[in-house]
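Colleague: So the sequence lines, in the order shown, correspond to chains H and D.
For the first sequence, position 378 matches number 359 in the working numbering, and the numbering has no gaps at all.
For the second sequence, position 386 matches number 367 in the working numbering, and the numbering has no gaps at all.
FYI, nobody ran anything at the bench for these hints, they're computed from the structure.
Hints should not be assumed to be uniformly reliable.
Pairs count within a copy or across copies, as identical chains cannot be separated in the list.
Claimed, not checked - Capping the alpha-carbon separation at 27 Å, the derived lysine-lysine pairs in DSSO-like fashion look like this:
(1) 74 x 387
(2) 320 x 383
(3) 412 x 158
(4) 363 x 176
(5) 320 x 94
(6) 412 x 178
(7) 70 x 87
Please read all numbers here as calculations on a predicted model, not as lab measurements.
Protein chains: 2
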Amino acid sequence: MSFLTITQMQKAAAGIITPEIIQVASSEFRQPEEIRQHVASGTIVIPRNIHHTNLVPIGIGRLLRTKVNANIGNSALSSCPEQELVKLKNALKYGADTVMDLSTGKNIPLIRKQIIEHSPAPIGTVPIYEALARAGKAEDLNEELILQVIREQAEQGVDYMTVHSGILLEHLPFARKRLLKIVSRGGSILARWMKQKNKENPFYTCFDDILKICMEHDVTLSLGDGMRPGCLADASDQAQFAELGVLAKLVSRCRAAGVQSMVEGPGHIPFHEIAMNMRREQELCGDAPFYILGPVVIDCAPGYDHITSSIGATMGAYHGASMLCYVTPKEHLGLPNAKDVRDGVIAYKIAAHAADIALGRPHARDRDDAISQARAEFDWEKQFELALDPDTAREFRREALKESGKELDHEKKAQYCTMCGLDFCAVRISKEI
Amino acid sequence: MSFLTITQMQKAAAGIITPEIIQVASSEFRQPEEIRQHVASGTIVIPRNIHHTNLVPIGIGRLLRTKVNANIGNSALSSCPEQELVKLKNALKYGADTVMDLSTGKNIPLIRKQIIEHSPAPIGTVPIYEALARAGKAEDLNEELILQVIREQAEQGVDYMTVHSGILLEHLPFARKRLLKIVSRGGSILARWMKQKNKENPFYTCFDDILKICMEHDVTLSLGDGMRPGCLADASDQAQFAELGVLAKLVSRCRAAGVQSMVEGPGHIPFHEIAMNMRREQELCGDAPFYILGPVVIDCAPGYDHITSSIGATMGAYHGASMLCYVTPKEHLGLPNAKDVRDGVIAYKIAAHAADIALGRPHARDRDDAISQARAEFDWEKQFELALDPDTAREFRREALKESGKELDHEKKAQYCTMCGLDFCAVRISKEI
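Throw the hints in and build the complete structure from the sequences for me.
Modeller: Now the structure itself:
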């Protein structure tokens, strides 16, 4: 093991403006020196494993455009390597900024290798999944195996890894009071392990060794929330915030080691508690980028959790979350397929974009003003081109024209749509005034 | 014309606790006297035309559960009476609290008659659509025709009507500065009429006559926003707020006449301006129920405007909007079909419910806690029953099981889903701890 790698964070701290910083500054309309300062202090991360050579760097932090992550990956019950590449393609096509491979089934290393090779976006993983798959039984999980898996993933080029190092033995009683106990997969596996062995969380006890591997390959850590609430009834409780306190200390240890870090957040939060949750993370964790999952804001709409959670995600991003982990329509029901990946990414691009506009980020509204201009001019083709999902927009217009018996060549020319028809088209009438 | 009808508002002002007030109090977990006071002051409306005999009364106001309206109706290009009944059925099935018939095509009176007969929910209309359809040419619109249409619709049993009485001749120059001018159908028709004739808005000049008809049949007025912005670039501008000032004065005139009234609002508003818009209406308009359309919070997602706008609708309801007019995925592209109606209603039930939970309305979270309990118990059937859209939830689980080669009878029994599979199911693992 060599320690010669100088990490992105260490370079920034040494005053070096790296090519990655220049790239991020340029795509975010910021000054490189400003980005450097934030990377040095840890309030912006630029995940880039030194082995992920085809990566186009992006920055994640409260100062920057809100990022969207799409989870893909198989389960023991579903999917194969080819299907996962289709999901990757879909996620990138519709604008995911990062992609996590959460495979827990067969062929995990092969799937990951292909995903990294095909992705210019940073790739994240949750190493405990592969560790458990390799251990076979949860009892056989141990520090050595965990470190081995993390090392192999780092060598393969994984840009950021979720480690559930914040859930401790002393937190377990807090979960007992909950309606849905522990809903994080990593969290529940570790909780059972700790309970069975009456030993502290191995991801916590070997955290310094994890940091060494991250330093060597310049891996960003995403500090997982194993205690995230799984329903509104469990939101913002003692279990959640006890773990957040530990995550805050781990952020400091990452920063001291020159390892970039993010903090993961819930999950399920009622709308009125979202701002408080964002503020609390910023204050406790030294403004480390907050990477939130949703949150969903109601529990009773299975089949529509891309919507319930894009509402929470917008509010979260508006109050300072830096990256939004998408939720698909299949959440709470099954493993997402390629269509679900698309629907999830689009819902989250909407949330991120809505927050970016509300926060006045540079040029955030350009695309919206351009599409409004195209609407004023009845330039349908331009509207489609500027849409987050041109295919669906085009298809819906075609469907509506077809249902009203109009020929398809109306599609491009008509100075109205079937919503109002010619005589009631407000945009057309307005032009006459 | 007889003036013997005593309106809901007049009865409430006289201290009478009507059957409608009792019904609303019961369904909202409130005291009848509290509801009566709000109806008397105009901060709650209970739309009920005396001729709509099969109506189940609901209340609309900031104190009460957030309501959702679904627009249906044909255009000159699309749909027939039967299709509109299918849309009505879909809207009610998924929980729309009120339905507006916005037909602008053929058979308007027949479609409306059928809709009123089949709907226990209050029915709204926009009389200028029928008036224009009957006039043929916009120039031929006049006060007499407008009043005649309003009278006929009132006699037929329409519970509330949108009248664009707030857009005045003096406001027209404000719209000229806009990217998308006037996007309200009623607003654009009236603007052109005023411009061509250089005369004041007939819905404004004959407002007292409109009030007389509303008093006679106890019709609630929904004061339309003909100047609502049609894109983010036009939001919260002079045109919008100049009209809002007039609407505020019309609210006072309605209240003085004992006619219930709501105020309609935008439309397109960036996320950070929504709270200000809600506050402004409350302050200016004496807290008259605010009935908002969306608002969409980004312009570049045609095909997904049920999502872009459910985000804005949640924020709007959280800050005091009383009723949310849905937006369907077809918005900006064409006339919604029955599936679009379902998708729009569900997205808005989500928004309304999220706000009701956030505002701590009585029993708002009961359904969510029950579904979370069912999740903890792997009671799939109960989860489906409690879902806003049981069919879709059931179908998605079935689809996921099928994709993973599982038999369908797994559906009801399995203590996991295909998302994580058996070994990685956090809910199952949690139970073992």
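Colleague: Given a CA cutoff of 27 Å, do residue 363 and residue 176 count as a within-copy pair, a between-copy pair, both, or neither?
Modeller: So residue 363 and residue 176 fail the 27 Å test inside a copy (59 Å) and across (31 Å) alike.
Colleague: Cα distance capped at 27 Å. Does residue 70 pair with residue 87 within a copy, between copies, both, or neither?
Modeller: The answer is within: 20 Å in one copy meets 27 Å, while 46 Å across copies does not.
Colleague: Please sort residue 412 with residue 158 into within, between, both or neither, judging by C-alpha distance up to 27 Å.
Modeller: between (62 Å within a copy, 12 Å between copies)
Colleague: Can you tell me if residue 320 and residue 94 fall within 27 Å by alpha carbon in one copy, between copies, both or neither?
Modeller: within (23 Å within a copy, 41 Å between copies)
Colleague: First find the shortest C-alpha distance between residue 74 and residue 387 inside one copy, then the shortest across copies, and answer within, between, both or neither for a cut-off of 27 Å.
Modeller: neither (31 Å within a copy, 30 Å between copies)
Colleague: Please work out whether the CA atoms of residue 412 and residue 178 approach to 27 Å or closer within one copy, between two copies, in both situations, or in neither?
Modeller: Answer is between: at 17 Å across copies they meet the 27 Å cutoff, but 74 Å inside does not.
Colleague: For the identical chains here, do residue 320 and residue 383 meet the 27 Å Cα criterion within one copy, between copies, both, or neither?
Modeller: This pair counts as both: shortest intra-copy Cα distance 24 Å, inter-copy 15 Å.
Hint check: violations occur at hints 1, 4; the rest are consistent with the structure.
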